[in-house]
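Starting from the known structure of chain D, fit chain L onto it as the hints suggest.
Residue numbers (our numbering), protein chains in the order written: chain D, 1 to 253; chain L, 254 to 335.
For the record, the hints were derived by calculation from the structure and aren't laboratory data.
Ideal Cβ placement from N, Cα and C applies to all residues, glycine included.
Check before you lean on any hint, since a few could be wrong.
As the list claims (entries may be wrong) - Under the rule of at most 30 Å between Cα atoms (straight-line distance), these lysine-lysine pairs were calculated in the DSSO-like manner:
hint, chain 1, residue 1, chain 2, residue 2
1, D, Lys23, D, Lys81
2, L, Lys267, D, Lys146
3, D, Lys23, D, Lys13
4, D, Lys198, D, Lys13
5, D, Lys146, D, Lys23
6, L, Lys267, D, Lys81
7, L, Lys267, D, Lys13
What the hints assert, rightly or not - Ranges of calculated distance between the beta carbons of each label pair, as one might list FRET restraints:
hint, chain 1, residue 1, chain 2, residue 2, range
8, D, Tyr175, L, Pro304, 27 to 33 Å
9, D, Lys146, L, Lys267, 42 to 48 Å
10, D, Leu172, L, Gly279, 25 to 31 Å
11, D, Ala230, L, Ile276, 26 to 32 Å
12, L, Leu264, D, His80, 48 to 54 Å
13, L, Thr275, D, Arg145, 37 to 43 Å
14, D, Ala216, L, Ile276, 34 to 40 Å
15, D, Ala157, L, Ala258, 55 to 61 Å
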Amino acid sequence: MAIDGEKAAGGLKIEPMEQFTIKPLFGDGPIEWYTPTNATLWMGVAVLAVTAILVLSTRRRAIVPSRGQSVAEMLYGFIHKMVEEVAGHEGLRFFPYIMTLFMFVLLSNLLGMIPTSFSTTSQIAVTGTLALMVFLTVTLVGFWRKGIGFLSMFWVASAPLALRPILAVIELISYFVRPLSHSIRLGGNLMAGHAVIKVFAGFAGVMGVASVVPIASITAIFGLELLVSAVQAYVFTILTCVYLRDAVGDAHH
Amino acid sequence: MDAAAAAEFALMGKYIGAGLATIGLGGAGIGVGHIAGNFLSGALRNPSAAPGQMANLFVGIAFAEALGIFSFLIALLLMFAV
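Pulled out of the complex, with its shape left as it was, chain D reads as follows (with noise of 0.2 Å):
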């Protein structure tokens, strides 16, 4: 009684999961620490990509911006924006590691919809390191600026003496999972959106004319990928600022 649903199916070949895997760049060998593989590669690429467009477009700054000056600005300003509206004043002095995060996330995840390129985000590996910087970056800063005094955060004062001690505990939890929902939320989309393409290009292959149909679907979720791309990069942004706030900020929140 073996398992042959991939052979049964005739010539559908549909291999959604064999583009996320890291393979090295240079012959085949093992995959050791330093080993330069696909993902580094592509997170390198997103590295330059992040200095061209904030370093060289602002070279040469003049009165009236050009056109890279002008995306490079707008970027800055709206992240400089949302740092100071969510985390408030005194998160501005991690603007730049916020920014640091925005633009490679971005960067990452549009470079990983060009069609053969590797996705870097799309690995929990990856993302999960981020988030986990994020985490031991809030815990730490909280501890430094408020003390012992940051553990009130998981009393809620406003709630009935009795309910405290539950709230507590869910406080706990949900604190502690958020490295988990960060990272996954990130890689899981991109993950996902990657599978889903892959999945329609393995329908296009087989059905001769008829396969028009799927192109056009592929064409239409590159679209909404495109979009998934620049909005979880923004999703990422704004929870690193809403957990960096209960650092930072007043006490309730």
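Only chain L this time, still in chain D's reference frame:
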């Protein structure tokens, strides 16, 4: 039950469980739609206040979506890790 049959049975349970876990995504869909719909109805009543609430909209959607993502995570764990 011999060992081979038990292994096949476990495989069946794994795939059924992964399929059942995706039902949770429907809950996330209800939650996100609820937030977006209420935002839209509020924004149409008072359009001048809408741009200031965009951040709250996205944070609410993100929190509602997180619970759907946990069911997706369970499906992934069942498929590839168990």
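So, going through the hints one by one against the coordinates:
no. : hint                             : verdict
1   : D:Lys23 to D:Lys81               : violated, 40 Å
2   : L:Lys267 to D:Lys146             : violated, 47 Å
3   : D:Lys23 to D:Lys13               : holds, 21 Å
4   : D:Lys198 to D:Lys13              : holds, 11 Å
5   : D:Lys146 to D:Lys23              : violated, 45 Å
6   : L:Lys267 to D:Lys81              : violated, 47 Å
7   : L:Lys267 to D:Lys13              : holds, 22 Å
8   : D:Tyr175 to L:Pro304: 27 to 33 Å : holds, 31 Å
9   : D:Lys146 to L:Lys267: 42 to 48 Å : holds, 46 Å
10  : D:Leu172 to L:Gly279: 25 to 31 Å : holds, 29 Å
11  : D:Ala230 to L:Ile276: 26 to 32 Å : holds, 29 Å
12  : L:Leu264 to D:His80: 48 to 54 Å  : holds, 53 Å
13  : L:Thr275 to D:Arg145: 37 to 43 Å : holds, 42 Å
14  : D:Ala216 to L:Ile276: 34 to 40 Å : violated, 29 Å
15  : D:Ala157 to L:Ala258: 55 to 61 Å : holds, 58 Å
Checked against the numbered hints listed earlier, the structure breaks hints 1, 2, 5, 6, 14; every other hint is satisfied.
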